[in-house]
Each structure stands twice: as structure tokens, then as C-alpha cells.
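Novice: Below, each chain spelled out in residue letters.
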Amino acid sequence: MLSKRNRYGYELIVEIKKYTEYDVAEGTIYPLLNRLKTCGMVDSNWEEMESGMPRKYYKITSVGKKNLSEMKKQWLYLISNIQSIK
Amino acid sequence: MINFKNEKAKQVFDAYLQQVEQQIASLPENEKKDIRMEITAHIYDSMRIHDNPDEAVALQNALQKLGKPEEYIKPLVAERQVYQAAKSFNPRRLFIALLKNIGNGIFNTIKYIFFGFLYFLVFIIILTAICKIFYPHYIGFYIEDNGSFYVGYSYNIMAKEKLGYWLSPILFTLGILLYFLITLLLKLFTKAKKALRLK
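First to last, the protein sequences are chains A and B. The numbering of the first sequence is the working numbering, which starts it at 1173 and goes up by one. The numbering of the second sequence is the working numbering, which starts it at 4 and goes up by one.
It should be emphasised that the hints constitute simulated quantities derived from the structure, not laboratory data. Keep in mind that a hint or two might mislead.
[Unchecked claim] Label pairs and their in silico Cβ distance ranges:
id	chain 1	residue 1	chain 2	residue 2	range
1	B	Pro31	A	Leu1204	20 to 26 angstroms
2	A	Lys1190	B	Glu74	19 to 25 angstroms
3	A	Lys1258	B	Ile105	39 to 45 angstroms
4	B	Thr176	A	Ser1241	45 to 51 angstroms
5	B	Arg39	A	Arg1177	23 to 29 angstroms
Everything numeric in this text was worked out from a predicted model, so none of it was measured. Glycine is no exception: its CB is placed at the ideal position from the N, C-alpha and C atoms.
My request is simple: use the sequences and hints to build the entire structure.
Specialist: If you want it as C-alpha cells, here you go:
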């Protein structure tokens, strides 16, 4: 999701809920984002909004993109292995 | 800050933020502000999207979906604390931070038990250095007849002690050096960007 454009925490949760049926506390996304930030996968910055409520936007870094593409490869490799076992 | 029209909603919001404050009390002010602002923005967005005419009900729904602060802030604070503690080189802060992170996910638990073990080794080295001062005839750097050697307590009266009182300053220096090295490693592990790259 972040590889398409920068997003803020609540927006990410709304997107995740669209594609999954997991019902977890929304707050749990923040430790995950913090971990990704600590690892240098994402970066964040505060942006002023017209509503007056600033939002913290997350963006994927070059390290994050590299990892994402590597994980996609590994995932596809895993799927193809499972399918060949069938 | 959210401008509530409903007094009850404002009280509920303040009480929730109070719980958040308790969880983040150990963090530096700039990090506290960051977490406070992000949670407030989240509540604001959640209330706006679900747009309930009753502000108190809208807030209650938003808080219920967000979860209890102690559940989601604990891991967030625990991870930030390790980095802060490693930066300060303060043994007490390091000990507390490591303890808080054990049980915070399988990877973290293994990682921090490993670092806990390394710090325990440093503790043993320093303790041996102190014991040498009080029990100089039993603690030392011994060499056995067969050529094997060890540092610590010896029952073997035939074993030859080689360092004498020099053992204490040597072990103290070694312990302190190791402490700084392990803490630097911990700091790198918590902040390392390159270290976690996949190939």
C-alpha cells in the first residue's frame, strides 16, 4: 500500500480492513509501523491539514522497496512450490 | 487537539489520553508528543469517518476500535526504550528496557534474552574482579599442570595462580569494555537499517 503512495496510520487501517476480515485493535498498527521505521523500511513526516489536525504520513524507503520486492519473490517462490506439491 | 462540544465526550477523551500518558511516561518529551499527536489524529479521523451525531457515542466507538492504550502502546514504548537506554549506556535503564521487551514477540524475546545473557557475562566478570579483592587466595587466573587454564574459583591447591592482584583491574577493564561493546551492538541492532536488509 505504501509503495503506491504515502499514507497515514488510520488510512492504512481502513485499506487493510477492505482486503481482510481480521478484527484487531486498530492501535496495533502503530508498533508495527514503528518497527518498520526502526528498521529503515519506512520513514514518516508530519503534515499540516486544512482541518487543523496534523497527520503523520508514512512513506516507503529505498531499503523498504528492496525488501518488498525480495519478499514478493520469496512469496511467489513459496506459492509455486506449494502448487507443485499439489 | 480535538474541540469537543459535548462535555462528556471531552471527559472521556481526557481520561483516555491520561491512560496514554501513563504508558509513555518513561519516553523523552519529543517522542511523547509524537505518540500523543498520532493517537489524537487517529481518534479524530475515526470519529469523522463514522460520523455519529452523538459526539460521545462517536468517541466511544473510535476508542473501542483503537484498543486499550496498555495493549498497543506497551510494545511501542518498549522498543523505543531499548534504543534510548542503549544511547544513554545507563545499566539500570538497559536492564528495565530488556525486561520489558522479553515477551514482546518471538523475535524480540530471543534477541533480548541473547543480550541479557551477554550482560550477565559482564556481571560475572565484574563480580569475579570484586571477589578477587575479598578472597585473593581462592580467586585467580589458574594454570593446571596439564596446561589448561581458567579464571575463577579454584579447589585445586596445585593449580598455579598467574596474575595475582592484577586480575581485578584486568577483569574490571575487560568488563567495562565488553559492556560498552555489547551496548553499542544493541544500539546497532535496534537502529540498524542495513543490518536488517534481506540479501
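Novice: Now tell me, hint by hint, if it's right for this structure.
Specialist: How the hints compare with the structure:
1. Pro31(B) to Leu1204(A): 20 to 26 angstroms: For Leu1204(A) against Pro31(B), whose Cβ atoms are near 22 angstroms apart, the range 20 to 26 angstroms holds.
2. Lys1190(A) to Glu74(B): 19 to 25 angstroms: 24 angstroms, holds
3. Lys1258(A) to Ile105(B): 39 to 45 angstroms: 40 angstroms, holds
4. Thr176(B) to Ser1241(A): 45 to 51 angstroms: At roughly 47 angstroms between Cβ atoms, Ser1241(A) and Thr176(B) fall inside 45 to 51 angstroms, so the hint holds.
5. Arg39(B) to Arg1177(A): 23 to 29 angstroms: 26 angstroms, holds
Hint compliance for this structure: no hint is broken.
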